[in-house]
Structures are given as structure tokens and as C-alpha cells.
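*Asks:* Sequence:
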Amino acid sequence: MEKNICVLIEHENDEVIEPSLEVLLEARRLADMGGYAVTALLLTGSDAGPLCKGLGRYGAGKVCIMEHHLLIDYTTDGYAKCITGFLSKNHTDIFLLAGTSLGKDLAPFLSAKLETGLVSDCTVLDINENGILEMTRPTYGGRVYTTYRYRPDEL
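This note's numbering numbers the first residue of the sequence shown as 731 and each following residue consecutively.
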């Protein structure tokens with residue numbers, strides 16, 4: 731089965747926001763290190779055409795669009811239902827989203843719904859020599875950095 735990284739693409743005023751593009755670039759870097767494919771997931775309430783332009787330049791190998799009029803405005807429940815449905819039907823090893831207010835609201839909800847771990851506020855993501863995802867984040871007010879490892883084979 732192909733290994734896959736999926737990135738949630740946020741947008742405002744018919745433009746993809748910069749933090750999502752930064753996460754997409756990081757996903758591409760990780761994918762190149764670990765042999766992953768990169769999927770951009772876009773939820774929208776209107777025509778997604780203009781939003782998709784350029785996502786390939788930022789590293790997306792595939793763009794999946796979920797379009798429905800109820801997705802015009804963000805709601806935690808609505809987005810979570812769409813994303814969990816998508817992830818249940820599309821194999822994803824790593825799911826990334828930006829540390830925006832939407833991301834910080836949605837991530838713990840998704841983690842609980844999907845019964846999986848969550849590491850937020852990461853400053854460094856890496857694939858080590860054994861192919862294991864390492865996530866580093868500041869702790870104790872930024873005085874210490876903690877690195878977490880994701881080992882799906884040990885779950």
C-alpha cells in the first residue's frame with residue numbers, strides 16, 4: 731500500500747492561506763525523505779477551481795476536493811465529519827494541518843474521533859534513518875524541546 735501524507739488546505743477570501751502552503755511544502759520535504767505521496771485536502775462551499783491553482787508547485791501530488799454549500803462557513807463538527815469520512819476511505823499515514831486558530835480547534839477533535847495521537851505546535855518534522863516520523867515541539871515555555879516518534883508498527 732502506498733504511503734501517504736495528507737494536508738488540510740485552509741482558505742480565506744478565495745485564496746489559500748500562507749500557513750497551509752508552508753505545511754504543504756513541509757509535507758513534500760517529508761515525502762521525499764520517506765517515499766510518501768502527498769495529498770492536499772480542500773473543503774469548500776463554492777467552486778474550488780481557483781483555490782487548486784498552484785498546489786502542485788507546493789508539493790501536492792493529488793488534490794482532493796470536498797465541496798458542499800454547508801462548508802461555506804467553518805464549523806468544527808462539519809469539518810471533522812468530512813475529514814474523518816475522507817480519512818476512513820483514503821489510506822493516510824500522516825495528517826498535517828497548520829497551527830492556525832482553525833487547526834488548533836480542529837486537531838484535538840479529529841484526534842479524539844480517529845482515536846489517534848496528536849502532537850501540536852511542532853517546530854521540526856523529520857523522517858529519521860529508520861523511516862520513523864519525528865516531531866519536535868517546545869515545552870516548558872520554550873526552554874526545552876521534546877521530540878516524539880510515531881511508530882505505527884508498534885500500535
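Note that these hints are calculated values from the structure, not bench results. Incorrect hints may have been included.
The list that follows gives simulated cross-link-like pairs (lysine-lysine, BS3-like), each with its CA atoms no further than 30 Å apart [claimed, not checked]:
no. : residue 1 : residue 2
1   : Lys819    : Lys792
2   : Lys733    : Lys819
3   : Lys843    : Lys733
4   : Lys783    : Lys733
5   : Lys792    : Lys843
6   : Lys843    : Lys819
7   : Lys783    : Lys811
8   : Lys811    : Lys792
9   : Lys834    : Lys811
10  : Lys834    : Lys783
11  : Lys783    : Lys819
12  : Lys819    : Lys834
13  : Lys811    : Lys843
*Asks:* So, for every hint listed, does it hold in this structure?
*Replies:* Hint check results:
no. : hint            : result
1   : Lys819 / Lys792 : holds, 15 Å
2   : Lys733 / Lys819 : holds, 14 Å
3   : Lys843 / Lys733 : holds, 22 Å
4   : Lys783 / Lys733 : holds, 24 Å
5   : Lys792 / Lys843 : holds, 25 Å
6   : Lys843 / Lys819 : holds, 15 Å
7   : Lys783 / Lys811 : holds, 26 Å
8   : Lys811 / Lys792 : holds, 21 Å
9   : Lys834 / Lys811 : holds, 16 Å
10  : Lys834 / Lys783 : holds, 26 Å
11  : Lys783 / Lys819 : holds, 25 Å
12  : Lys819 / Lys834 : holds, 24 Å
13  : Lys811 / Lys843 : holds, 9 Å
In terms of the numbered hints stated before, the structure departs from none.
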